[in-house]
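Protein chains in written order, with our numbering: chain H, 1 to 457; chain X, 458 to 914.
Don't read these hints as lab results, they were simulated from the structure. Just so you know, not all the hints are guaranteed correct.
Stated by the list, open to error - Under 7 Å between C-beta atoms, here's a sample of chain X residues computed to sit facing chain H: (1) T462; (2) R463; (3) E468; (4) M604; (5) N607; (6) I630; (7) T634; (8) L879.
We treat Cβ as the ideally placed atom computed from N, Cα and C, and that holds for glycine.
Here are the chains, one letter per residue:
Protein chains: 2
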Amino acid sequence: MSDQTRFTLNETDLPKFWYNVMADSPVTPAPVLRPDTLEPVTPDFLSVLFPMELIMQEVSTERYIEIPEEVREIYKLYRLTPLIRARRLEKALDTPAHIYYKNEGVSPAGSHKPNTAIPQAFYNKKAGTKALTTETGAGQWGSALAMACNFFGLDLEVYMVKVSYQQKPYRRIMMETYGSQVFASPTDLTNFGRSVLQQDPNSPGSLGIAISEAVEVAATSGGKKKYSLGSVLNHVLMHQSVIGEEALKQMDLANEYPDVVIGCVGGGSNFAGIAYPFLHENLKNGKRTRLLAVEPTATPSLTKGVYAFDYGDSAKMAPVVKMYTLGHGFIPPSIHAGGLRYHGMAPSLSAFYDAGLIEAVAVRQKPTFEAAVQFARTEGIIPAPESAHAIRTAMDEALDAKKKGEKRVILFNLSGHGHFDLGAYEAFLNGKLEDYEHPGEAIQAAMSDLPKVSVLA
Amino acid sequence: MSDQTRFTLNETDLPKFWYNVMADSPVTPAPVLRPDTLEPVTPDFLSVLFPMELIMQEVSTERYIEIPEEVREIYKLYRLTPLIRARRLEKALDTPAHIYYKNEGVSPAGSHKPNTAIPQAFYNKKAGTKALTTETGAGQWGSALAMACNFFGLDLEVYMVKVSYQQKPYRRIMMETYGSQVFASPTDLTNFGRSVLQQDPNSPGSLGIAISEAVEVAATSGGKKKYSLGSVLNHVLMHQSVIGEEALKQMDLANEYPDVVIGCVGGGSNFAGIAYPFLHENLKNGKRTRLLAVEPTATPSLTKGVYAFDYGDSAKMAPVVKMYTLGHGFIPPSIHAGGLRYHGMAPSLSAFYDAGLIEAVAVRQKPTFEAAVQFARTEGIIPAPESAHAIRTAMDEALDAKKKGEKRVILFNLSGHGHFDLGAYEAFLNGKLEDYEHPGEAIQAAMSDLPKVSVLA
Chain H
1 MSDQTRFTLN ETDLPKFWYN VMADSPVTPA PVLRPDTLEP VTPDFLSVLF
51 PMELIMQEVS TERYIEIPEE VREIYKLYRL TPLIRARRLE KALDTPAHIY
101 YKNEGVSPAG SHKPNTAIPQ AFYNKKAGTK ALTTETGAGQ WGSALAMACN
151 FFGLDLEVYM VKVSYQQKPY RRIMMETYGS QVFASPTDLT NFGRSVLQQD
201 PNSPGSLGIA ISEAVEVAAT SGGKKKYSLG SVLNHVLMHQ SVIGEEALKQ
251 MDLANEYPDV VIGCVGGGSN FAGIAYPFLH ENLKNGKRTR LLAVEPTATP
301 SLTKGVYAFD YGDSAKMAPV VKMYTLGHGF IPPSIHAGGL RYHGMAPSLS
351 AFYDAGLIEA VAVRQKPTFE AAVQFARTEG IIPAPESAHA IRTAMDEALD
401 AKKKGEKRVI LFNLSGHGHF DLGAYEAFLN GKLEDYEHPG EAIQAAMSDL
451 PKVSVLA
Chain X
458 MSDQTRFTLN ETDLPKFWYN VMADSPVTPA PVLRPDTLEP VTPDFLSVLF
508 PMELIMQEVS TERYIEIPEE VREIYKLYRL TPLIRARRLE KALDTPAHIY
558 YKNEGVSPAG SHKPNTAIPQ AFYNKKAGTK ALTTETGAGQ WGSALAMACN
608 FFGLDLEVYM VKVSYQQKPY RRIMMETYGS QVFASPTDLT NFGRSVLQQD
658 PNSPGSLGIA ISEAVEVAAT SGGKKKYSLG SVLNHVLMHQ SVIGEEALKQ
708 MDLANEYPDV VIGCVGGGSN FAGIAYPFLH ENLKNGKRTR LLAVEPTATP
758 SLTKGVYAFD YGDSAKMAPV VKMYTLGHGF IPPSIHAGGL RYHGMAPSLS
808 AFYDAGLIEA VAVRQKPTFE AAVQFARTEG IIPAPESAHA IRTAMDEALD
858 AKKKGEKRVI LFNLSGHGHF DLGAYEAFLN GKLEDYEHPG EAIQAAMSDL
908 PKVSVLA
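Here chain H stands alone, though its shape is the one from the complex:
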């Protein structure tokens, strides 16, 4: 065990390969289906939205995929991110546990999202794409892709959920500073947006609507524009594996190995990013690290959802995948962790959870912010509300270790900073934060509309 607090590595230690968990998956992946026919998709179908190299990564079973030099050059602007031992938090909790965190909040866009935004922009540029479309809720993903598109000279249209567009002008300005166009969704620029506005001119928008708008624009652009997604898909999760690959080396520097690895989950990408390289160690090298995904009680897809085929978006335009879902029509409560308000979960993560390879827990909003404030007051960093879910659970693990009088090595992913979320902190400090349970009836209702798939695989 090292007596250091901060574990940094040199640029020469920057990973040269992404780790592709599908090479080691003990679970056969369910096929991805077309939303119209519910038949398996073909690469041709996907190629309307994505460049071929990303599609090949999506279905690849190669264990390591080389990170292009052009991508590594940009990773170097902020990677390797530091691994920190949270000594001050440990002391405050008076726990025998050792708590480590990987700080992805140091990226220019403020979260782990650039790890996949950069390669997605790169492969699109390489394939001749001129422009991308995407959606964003709270704005972490939109900011990251805006930065990446700017680096590769791609235009970007961001469909930003209208309520966030109004409440978070700073996120919008950040994307505009990087040169992107940002629209408040629903817009009158798409058929789907217009149909929503016709029914409700004051619609506040939703991630489902914004996805549908971004997909529609790309799909009807005659090949000029492609679409980009910030989570859920295999290739997206794979790009995030740089987090865990670095953490493996840094834990080695710390001369410790985690008993439990923790991350928050919305679509699943930051959790997969830190956890899958440790899953590889579990599957191939006899390690027994617990991998613990944390979701809000307000959108409990793993802990209260079903494992079934469902649409990726509310408008049924996105591919149908087998995943833990609350139903594509599920409208989550307005919790502040905007990045965790997705009805489904990455298919790979869903499959591993189903197979018992990973664990899940749901936490409420108020104890999550209690943890966030305690973290800020011990470690200094004000975390994103999403990341605070991981902090809550890391603290609960540390307190459990204390209760049992056992040493435990805990590693969690601090996926981003909360500089654009201070309104939520104010609500918490003023006692105005609500504490959502999962809305049972809403889940029941949303699940009544799952697609009827006659499965093949």
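Fit chain X to the known structure of chain H by using the hints.
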């Protein structure tokens, strides 16, 4: 020359000593005077506001002062900060110059300010202080001291300029999250605040007023509260020397040595932090690096001020020092770089400028934001408006090197990020940013009220 982009060091390389430039100063420092008598201050006078160890540091001529282990432990939460070669910016400028920057924006409070906030809180705690008072304009300093006071269990009252308090609620919430009390200055809690409000109930406040309120509260607390200042003083600048001490080692890793070192100046602390260790090399080891301080044309204390004794605050309650000043009554235009809106300049920096040991240049607001946006689009990071002044000048140096066809190694300090300044970016992107020259008549008027000092030294 290294082919790396990012130069990181291990925790074990964290400096163990601050560098005190006063040990090497070829200029005899002018005495600090009491504002009431204009006679030299005694330690007793200062001890009303500051703990003795900081006063001793203020007058010390020891070259290296050991950084307490308790302070180093907290530095480790974010230090050593990375040194980055701005390869993408160099390419965009098509310059033969090499541009390096030290990124202090990775600190939890978002700037270099914690480098001195942490030791100031530590020495106060050690001396038995229970609470500190301070002022803040844009909020960088207040956030840093709020974090530091929280770490050492000190209460903190922050007098925040009212117009900033209203325009930057996120900075206020950040301080509250760390557990501090924040007041919109002028308040009705102090004699001085009440007198201001009596004259103008709608006063937007100013840094001068806020300083006076914070000083009054500490001075009249019967020893219970001390006061803390975020720039200008010798001990503050010395604490910032960790920036330059690290940069020396990192430039060594890069196998280059800077021809010019650049920082923005308000009170002077971030510039001094990066520049003084290189000044030491100039004075003692025969190096000839140019040290270039950058100020806004709107508050051009070095380039348009006079070198004279003046009060540190508008209310004439703070000590009188010899410095480059625009006059303590100078009301700067409302530029977005709130941290650079000070009428004076650190005495040490003023003396070195007067002696020709450092250079200064003033830049306008619009070209500064042009540089900020180009930096964001090449290096990813959205800089603080203050730091953008250094970027503008670094780019001008790189373009000058290109014009002359010469290689030039440029190092600048990126003192903070601009996450709380995106309103200014929006104004720039919308063409609404004003471009201030120095207001000549305002300077003339403010200078007519300099104290008449019959100098001794």
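Here's how the hints hold up against the structure:
The beta carbon of X/T462 comes within 4 Å of a beta carbon in chain H, closer than 7 Å, and the hint placing it at the interface holds. The closest approach between the C-beta of X/R463 and any C-beta of chain H is roughly 5 Å, which is under the 7 Å cut-off, so the hint is satisfied. Checking X/E468 against chain H by beta carbon gives a least distance of about 5 Å; that is within 7 Å, so the hint holds. Interface hint at X/M604: satisfied, since its Cβ lies 5 Å from the closest Cβ of chain H, which is below the 7 Å cut-off.
With a least beta-carbon distance of about 5 Å to chain H, the hint placing X/N607 at the interface is held under the 7 Å criterion. The interface hint given for X/I630 is met, as the beta carbon of that residue sits about 4 Å from the closest beta carbon of chain H, less than 7 Å. Because the smallest distance between the Cβ of X/T634 and any Cβ of chain H comes to about 5 Å, under 7 Å, the interface hint for this residue holds. Proximity of X/L879 to chain H holds as hinted, the smallest CB-CB distance being about 4 Å (cut-off 7 Å).
In the structure shown, no violation is registered for any of the earlier numbered hints.
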